[in-house]
Amino acid sequence: MIALNGITKRFGAHTVFDNIDLELEQGEIIVIIGPSGTGKSTLLRCINYLEAPDAGRLTVGDLSLDARHATRREILALRRRTAFVFQNYALFANKTALDNICEGMIVVDGLPKAQAHARGREILERIGLADKADAYPASLSGGQQQRVGIGRAMAAKAEVILFDEPTSALDPEWVDEVLALMKQLALERQTMIVVSHEMQFAREVADRVVFMDDGRIIEQGPPDELFTNPQDERTQRFLRKVLAHNPA
Amino acid sequence: MHVLDLDYMLGLLPILLSYLPLTLEMAAAGMVAALILACLLAVVRVQRMPGLNALAMLFISFFRGTPLLVQLFLFYYGLPQVLTFLVAINGITATILGLTLHFSAYMAESIRAAIVGVDRSQTEAALSIGMTQGQLMRRIVLPQATRVATPTLMNYFIDMIKATSLAFTLGVTELMGATQKEAASSFLYFEAFLMVAIIYWIVVEILSWLQRRMEKRLNRAYQR
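If you read the sequences in order, they're chains A and B. Okay, so the first sequence: first residue is 1 according to full-length UniProt numbering, each after it adds one. Okay, so the second sequence: first residue is 1 according to full-length UniProt numbering, each after it adds one.
Keep in mind that the hints were calculated from the coordinates and are not lab data. Bear in mind the structure is a predicted one, so any value in this text is a computation, not a measurement. We treat Cβ as the ideally placed atom computed from N, Cα and C, and that holds for glycine. Do not rely on the hints blindly, as some may be mistaken.
[Stated by the list, open to error] Here are some chain B residues pointing at chain A (derived, C-beta under 7 angstroms): (1) 122; (2) 124; (3) 125; (4) 128; (5) 130; (6) 134; (7) 135; (8) 136; (9) 137; (10) 144; (11) 146; (12) 222.
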C-alpha cells in the first residue's frame, strides 16, 4: 500500500499544497490531471523525496516515515521502494542503454554484474530495445530514450513507479510507443502514479483519476465517472477545455 | 649580420635535450599536485562548505590575480626570510610549489564549472534509484565532468610546461637555464634561443596531438 497523509509543501512563503491525502492499493493505477502549476509534479517528487515535504507522513509498503524528520537512511529506503520516470528522460549520458538499466541493480541492490546484465537484457527485450543494448542515449530517439527511462524504473522492482509527464517532452511521433509500454505495465498490474495530460490514456488505463487544482485534490474517481459526470465546477471547466483539444 | 650557424644548433640539440627530462619532471610533478589540490578546491566550492568556501575563494583570487613570476620570487626569495625553516628550499621545489599553487587556482575553476555543468536531471535520476551522494559523484557526475574538463586541463598542462622556463630565474639549470648558459659562452644568442624555442614547440605539438586523441575517445558516448 502507498499512502500520503497530510503532505504539505512550501517554497518560501508560497504554499504549493497543504495537507494532501492520497492512498493506493497495490496494483492500482492512478492518473493525476489538472492545470499546469497546480503542484502535481511537486507532489509526485515528494513521494520519493526529490522534494522534501514540509509536513506529513509517507507510507510505501512496510516503510512509513515522518516526512519532516526523515533520516538519510529512511530517504534512501524510500527511494529504493519507489522508481521515477522523468519528463526529459534524464538518462545517464555516460552509460549505454543496458548500463542505464543495470546501474541501480549493481550499485544500489548490489547484484553481481552478470546477473544484473541478464535481467537488464530481459528488460530491454520487454521494452522492445534488445538491439540497442550498447547504444548511448545521444544516439537514441526521444521515444527510445523514454522507454529506457521506463526500463530503468522497472529494474528497480519498486512498489510504485512514479511517472512525471512521461510524454510531454516527446515529439508526437514517439508518444504512442511510450504509452503502449505504460499500458503493458498496467496490464501486469504494476502500481503506478502518472501525472499526465494524456486524457485518452487516463481513460483507458487508470483505475482512478485524480483532478488537482490550486494545490488541492478537487475530485477523484473512476475515469468513466470523472470524465462523463464531473461534480465540481472546476473539474468541468478543465475537462471542457482539455477535451476540446484532446478528446478522450 | 651573420648567417644562421646550423652546425652549432645541431651540436646544441643533444646538450639541451639532456635537460628536457628535468623540465618535464617539474611540469608533471606540478600537474599531479595541482590536480589533487584543484579537485579539493572544486569540491569545497561546489558544496559551498561553510568557512572553507571563503578560504578557497581567497586562495583562487590571489593565485589568479598575481603573476606567476612574482609568486615564484615570493616563495623562493621572500618567504624564507619570514619562515626560516624554508631557507633550505631549493629552486626545483620552489618551482614545483609555485606551479602547483598557481595552476591549481585556475584548474579548480574549470573543474568546478565542469561538475556544475552536468545535467541536473541526471543527479535526480541517480538519487531516485537510491544512489548515495558518493555513488552519484563517482559513477555519474565525475566521469562526465572529466570529459568536459579534460581539454582545458590539458591546456593548463601545456602552459605549465612552458612556465617551467621561469625556474631559471630561481637559479635552476633546466632547459631554459641551460640554453642561457650555452648562449652566454658562445655568444650565438639567436641560434641558442631559436633551438630551445623549437624544442618547446615540438613538445607542445606532441601533447596537442595526444590531447586531440584523448578528446575523441572521451566523446565516444556522445556521438549521435
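Please write out, lowest number first, the hints stated earlier that are contradicted by the structure. 6, 8, 9, 11
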